[in-house]
Amino acid sequence: RKEVEQDPGPFNVPEGATVAFNCTYSNSASQSFFWYRQDCRKEPKLLMSVYSSGNEDGRFTAQLNRASQYISLLIRDSKLSDSATYLCVVNVAGNNRKLIWGLGTSLAVNP
Amino acid sequence: NAGVTQTPKFQVLKTGQSMTLQCAQDMNHNSMYWYRQDPGMGLRLIYYSASEGTTDKGEVPNGYNVSRLNKREFSLRLESAAPSQTSVYFCASSEAGNYGYTFGSGTRLTVV
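Chains as they are written, first to last, in my numbering: chain A, 3 to 113; chain B, 31 to 142.
Isolated chain A (complex conformation) (with noise of 0.2 angstroms):
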């Protein structure tokens, strides 16, 4: 089993819909959980951190299931700006430094 798993799509949606990823990981002793987005080639960006309890920031939500060993990233009312790869990160255990990084998860937003 990979470290990080995603499912790479690509997904397309129309504006307006609402998007789930899921990334399930290997070791549950990781401790630091992370959304980025990756442009075509850009830099990765964080987009959010991932808590135990959930997270929102306007239009993303994201999960952690501990028990189950996988974050979610959810997009409500999809833009066409937000086209981009998803990448799915989680740190080395007992090592905050060190980042697994998923292959990512591709989305088209369209028109």
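No lab work stands behind these hints: they were computed from the structure. Just so you know, these numbers come straight off a predicted model, no measurement behind them. In this text, a Cβ means the ideal position worked out from N, Cα and C, and glycines have one as well. The reader is advised that the hints may include incorrect statements.
Unchecked claim - Heads up, incomplete: computed chain B residues facing chain A, CB under 8 angstroms, no partners named: (1) Ser-61; (2) Gly-72; (3) Leu-73; (4) Leu-75; (5) Tyr-78; (6) Ala-80; (7) Gly-83; (8) Thr-116; (9) Phe-120; (10) Phe-133.
What the hints assert, rightly or not - Simulated pairs of lysine-lysine, DSSO-like, Cα-Cα distance not exceeding 30 angstroms: (11) Lys-101/B / Lys-39/B; (12) Lys-47/A / Lys-100/A; (13) Lys-87/B / Lys-44/A; (14) Lys-39/B / Lys-87/B; (15) Lys-4/A / Lys-44/A; (16) Lys-81/A / Lys-47/A; (17) Lys-44/B / Lys-4/A; (18) Lys-47/A / Lys-101/B; (19) Lys-87/B / Lys-47/A; (20) Lys-87/B / Lys-101/B; (21) Lys-100/A / Lys-44/A; (22) Lys-87/B / Lys-100/A; (23) Lys-100/A / Lys-39/B; (24) Lys-87/B / Lys-4/A; (25) Lys-101/B / Lys-100/A; (26) Lys-4/A / Lys-47/A; (27) Lys-44/A / Lys-101/B; (28) Lys-100/A / Lys-4/A; (29) Lys-44/B / Lys-87/B; (30) Lys-44/B / Lys-44/A; (31) Lys-81/A / Lys-44/A; (32) Lys-39/B / Lys-47/A.
With chain A's structure known, arrange chain B on it following the hints.
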């Protein structure tokens, strides 16, 4: 508000040539990182520096060396470039703890 600055943005090398990728951050972060990103492989850590004066190997350190010149600067050197080192290289920095990384805009390196 530069964040993380990487140079150069593009580079073509011949096999066996050497080069240094430069990275500087102005956010007073303690930790800095060098990653490479290849299709189908995702981001892989080459080296990192937890704080000024320390460096550690990441997942794929072979063929690379690093220098943490001071708190702001962290350089990556390819001593003898190989075609397998063709990739996009990203520098990043972070504060300690559960904080995300800030990335530079990347260096697209081709080794022919």
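We went through each hint and held it up to the structure:
Residue-level restraint check for Ser-61/B holds (minimum Cβ-Cβ distance to chain A is 5 angstroms; threshold 8 angstroms). Of the supplied interface hints, the one on Gly-72/B holds, with its beta-carbon coming within about 5 angstroms of a beta-carbon of chain A, less than 8 angstroms. Of the supplied interface hints, the one on Leu-73/B holds, with its beta-carbon coming within about 4 angstroms of a beta-carbon of chain A, less than 8 angstroms. Taking 8 angstroms as the C-beta cut-off, the interface hint given for Leu-75/B holds, the closest approach to chain A being about 6 angstroms.
With a cut of 8 angstroms, the hint placing Tyr-78/B at the interface with chain A holds, because the nearest CB-to-CB distance is about 6 angstroms. The beta carbon of Ala-80/B comes within 6 angstroms of a beta carbon in chain A, closer than 8 angstroms, and the hint placing it at the interface holds. Violation of the interface hint for Gly-83/B is found here, the shortest Cβ-Cβ separation to chain A being roughly 15 angstroms, above the 8 angstroms cut-off. Interface hint at Thr-116/B: violated, since its Cβ lies 15 angstroms from the closest Cβ of chain A, which is beyond the 8 angstroms cut-off.
The beta carbon of Phe-120/B is positioned within 8 angstroms of a beta carbon in chain A (closest approach about 6 angstroms), and the interface hint is therefore held. Hint status for Phe-133/B: holds, given a least beta-carbon distance of 4 angstroms to chain A, under 8 angstroms. For a cut-off of 30 angstroms, the pair hint linking Lys-101/B to Lys-39/B stands: about 22 angstroms separates their Cα positions. For the proposed pair Lys-47/A and Lys-100/A, the alpha carbon gap of about 17 angstroms is at most 30 angstroms, so the pair holds.
Distance hint between Lys-87/B and Lys-44/A is fulfilled; the C-alpha atoms sit about 25 angstroms from each other, no more than 30 angstroms. Restraint check for Lys-39/B and Lys-87/B: the C-alpha separation of about 24 angstroms stays at or below 30 angstroms, so the hint holds. Restraint check: the Cα-Cα separation between Lys-4/A and Lys-44/A comes to about 25 angstroms, which is no more than 30 angstroms; the hinted pair holds. Between Lys-81/A and Lys-47/A the CA atoms are separated by roughly 18 angstroms; this keeps the pair inside 30 angstroms, and the hint holds.
For the proposed pair Lys-44/B and Lys-4/A, the alpha carbon gap of about 34 angstroms is over 30 angstroms, so the pair is violated. Under the criterion of a C-alpha separation no larger than 30 angstroms, the hint pairing Lys-47/A with Lys-101/B is consistent with the structure, at around 22 angstroms. Restraint check for Lys-87/B and Lys-47/A: the C-alpha separation of about 23 angstroms stays at or below 30 angstroms, so the hint holds. The straight-line distance between the Cα atoms of Lys-87/B and Lys-101/B is roughly 18 angstroms, inside the 30 angstroms bound, and the hint therefore holds.
Among the hinted pairs, Lys-100/A with Lys-44/A is consistent with the structure: their alpha-carbon atoms are about 21 angstroms apart, no more than 30 angstroms. A threshold of 30 angstroms between alpha carbons decides the hint, and for Lys-87/B with Lys-100/A the separation of about 11 angstroms falls inside it, so the pair holds. Restraint check for Lys-100/A and Lys-39/B: the C-alpha separation of about 25 angstroms stays at or below 30 angstroms, so the hint holds. Proposed proximity of Lys-87/B and Lys-4/A is supported: the alpha carbons are some 21 angstroms apart, at most 30 angstroms.
The straight-line distance between the Cα atoms of Lys-101/B and Lys-100/A is roughly 19 angstroms, inside the 30 angstroms bound, and the hint therefore holds. Taken as a hint, the Lys-4/A and Lys-47/A pair is honoured in the structure, with Cα atoms around 23 angstroms apart against an allowance of 30 angstroms. A hinted pair counts as satisfied when its Cα atoms are at most 30 angstroms apart, and Lys-44/A with Lys-101/B qualifies at roughly 25 angstroms. Between Lys-100/A and Lys-4/A, the direct Cα distance comes to roughly 16 angstroms. Compliance with the 30 angstroms bound is thereby established for this hinted pair.
Between the alpha carbons of Lys-44/B and Lys-87/B the distance comes to roughly 25 angstroms, so the proposed pair stays at or under 30 angstroms and holds. Between Lys-44/B and Lys-44/A the alpha-carbon distance is near 25 angstroms, which keeps this suggested pair within the 30 angstroms criterion. Between the alpha carbons of Lys-81/A and Lys-44/A the distance comes to roughly 19 angstroms, so the proposed pair stays at or under 30 angstroms and holds. Taking the CA atoms of Lys-39/B and Lys-47/A, the gap is about 18 angstroms. The hint holds against a cut of 30 angstroms.
When each numbered hint is compared with the structure, violations occur for hints 7, 8 and 17.
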